[in-house]
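Asks: Okay, here's what each chain looks like letter by letter:
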Amino acid sequence: MIRKLLQTALRTTTHDAQFAENGVQGLALIERMRPDVVFTDVAMPEMDGFEMADAVRARPELAHIPIVFMTASAQRDQIEECFRHGAAGHLAKPFTMSELRARVALYARS
Amino acid sequence: MRILPRSLHFYVAASTIYAALVFLAVQWIYSIQLAESGLVIARRDTGDVLSAIQNVSFVVWLGISLIAAVVLHRLGKAFAEARSEGDQKEQVLGSIFGLSSALAGPLDLEEIGRRFLSTVRGALDSEVTVALIVYDDVLEAFRTIAADGPMGADLHGQTYSASALPAIIRTRVIDHRRSLILSNTGTDADTWAKLSHDMPQVASARSFGALPLVSRDRLVGALLLLSGRAGALVPDRVQVPMIMGQYVAASIHTALSVSEAEARAERETMVNRVAQRARASLDPDEILRATVEELARVLGVSRALVALGETEDDLSVSYEWNAAGVVPVGIGSRGIPTAQLAARLGRTVVVSDIREDPRFAQAFAAGSTQRDAIAVAATPIRVGGKLAGALSFAQIGQPREWSAEDISLMEAVAQELRVAIASAEAFAQQRRVVTELEALNRAKSDFVSVVSHEFRTPLTGIQGFSEMMRSDDLTLEEMREYAGDINKDAQRLNRMINEMLDLDKMESGRMPLHHDPVDLNAVSGECADRVRPNAPTHSLTLRLDPDLGMVLGDRDKLVQVVANLLNNAVKYSPKGGEIVLATRAEGETVHLLVRDHGMGIPGEALQSIFERYGRVESRATRYIQGTGLGLPIVQQIVLLHGGKVWAESTVGEGSIFHVTLPRAVARPLAAAGIAS
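These protein sequences, in sequence, are chains A and B.
Start counting at 1 in the first sequence, then tack on 15, and there's your number in our numbering.
Numbering-wise, our numbering puts 413 at position 427 of the second sequence, and it's gapless, one number per residue.
Hints were generated in silico from the structure; no laboratory data involved.
There's no promise every hint is true.
Derived list of chain A stretches under chain B, where covered just means 3 residues or more per stretch with a C-beta under 8 angstroms from a C-beta of chain B [as the list claims (entries may be wrong)]:
hint : region
1    : 69 to 82
2    : 108 to 122
Here are the simulated EDC-like cross-link-like pairs (lysine to aspartate or glutamate), alpha carbons at most 20 angstroms apart as the crow flies [what the hints assert, rightly or not]:
hint : chain 1 : residue 1 : chain 2 : residue 2
3    : B       : 557       : A       : 56
4    : A       : 19        : B       : 488
5    : A       : 19        : B       : 459
6    : A       : 19        : B       : 463
7    : B       : 430       : B       : 502
8    : B       : 557       : A       : 61
These numbers were taken from a predicted model, which means no experiment stands behind them.
The C-beta atom is built at its ideal place from N, Cα and C for all residues, glycine as well.
Build out the structure end to end from the sequences listed, making use of the hints.
Replies: Written as structure tokens, this is what we have:
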């Protein structure tokens, strides 16, 4: 549902948005696509958002890519955990589409 | 002349001289009177008649004088007697006052005894032996604190157990508090034989007295009087010692109270120290440690230990303290003979030299844990009337006389320990309750965060799609699609709220249930059809027993049970795999099971997953959506239907959830009719 929401929200922009099912697929997608920005959930099957972020940070050629976590909680400890895993930003659910679009505009080059 | 008292000689002589003088005077006056009247009586001539008269009157005078002498003598004697009696009374009173001033001020018992004897001595013949015996609470015996007189040496230092006192003394003197005087032990031969048999130290007495010492209604002791001379002690003669006895009784009472108070104060100081050290921690082990060390230090023993256990044979060493160079008994050791004996008897046991005590000869010789001990002592610790353990002490290498103070200290500390152990247990219990409450509280806040997490995701959808519908240019078709998405999310929120409310209702017994015949096979099929679209990577197999029969229940709720179990099977086997839903008739029950090949459940969580908020939280389950209410709801519904639910699982291989429900026995055909 969130994926569909993001897809719909970004549909009207010029950005090329690609989606993955879980952390493993996400990592593969990042490698292949080298995106300007990654939006990820924390809770995902196979490999969660934090593990994926760690894997991205561990790869010098990918380490520069900003990662924005979408969390279901705005609690301080969870936000702090996001930044410990190298987050460039953080979106707490429920977030507005304008927030999302503003974040995309901030990081996307085109 | 020797039969006459000396004082009478004086009176006889005096009255004889007086009679002679009166006679001569009368004679002389007669002769003058006769001469004046002209009559001259020739002494010698007419003397016959006159001298006869004169002789008679002389004898009469002499008689009167003698009678007067005797009367005067009697009077004088009576007067002197009266005077001397007064003097004696004065003397006795003086000595009583002297005693009372001698006994003023705080004195110890021995000093009281000495002062008393030196005073009472003066009121008694020197042949009488006096002994002062005082009741000692700790010894439970009468102890001689002072003895003086010919037989004093025999009585000195003697103790007489209260129960072993001669019966006549026990009943008459101790119980009834009356004095016992045997003036002549020969005449009361029977009584005396019995008395001297029980009290051989006094056997040589020929006259015996025992006077109770009572102060403020408390019998503090007795005064023993003995004499080697029969008849030396009669009730009249013991008046003074009896009065003095009351004075000394008051002093003894005070001294006893003071020494009792001092002993109490000393014990309290020690016990307070124990309590202070124990207060630093409410840990029972720490209390034992502090107590044993403190007590060992105060008693100056070589070894002190606490053995805990609820029976004599269970007693095992929980903590021990050993002086430098003393070999430890060992924590957990059993078979401490004194501790066991104290536990068995339920009272303090002291042995000053075990080599001379037959009770321990065997125990200590046969490889006892305390075989190096010479003097031993132990006191039981009882909590709530039941044995909890024993304190045991040992003196290594040398005998030791355990004093009454030692014993009362051990007992007082055992008492404190009892209280401390009980309160530490209460504290531990309280702590468990607090821990449980904290866990519950944590579970609640975890639940709130889980719920808020679960609520936020649909809320994001609702908010996001409606935002786009409001501000983006959308076609009617897109509008409809997004409205449908919003609707789905709203339904999801509604379902979650309902689940929470349902569980709450069921747990508080406010959930009304239908009791209709339900075909679980039909329910299973329906649920499987519902779940399949959401589980494309799973193969869902149904193995339904065609002869299952019916269960009586609420169809909607049973659908919820099966759906929840199937949804869980799908959710917790994220890699897919086979899911089996099977039903079986088993006698009076219907058995339904759901097996998956998912991540499995750790053994320790197999129970707690059915508790509210009891979801297994781990890295592997974090992404799996759920409120943690699914299984609690399943359990509540099954319980309300009189059934059972449980799980078995192997981590990494999968889980099986079992539900059994009572089978509806009556009218299967009719029931089938209704169900269809």
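Asks: Against this structure, judge whether each hint is valid.
Replies: Structure-based check of all given hints:
no. : hint          : verdict
1   : 69 to 82      : violated (count 0)
2   : 108 to 122    : holds (count 7)
3   : 557/B / 56/A  : holds (18 angstroms)
4   : 19/A / 488/B  : violated (31 angstroms)
5   : 19/A / 459/B  : holds (17 angstroms)
6   : 19/A / 463/B  : holds (16 angstroms)
7   : 430/B / 502/B : violated (36 angstroms)
8   : 557/B / 61/A  : holds (13 angstroms)
Violated hints, listed in ascending order, are 1, 4, 7; each of the other numbered hints is respected by the structure.
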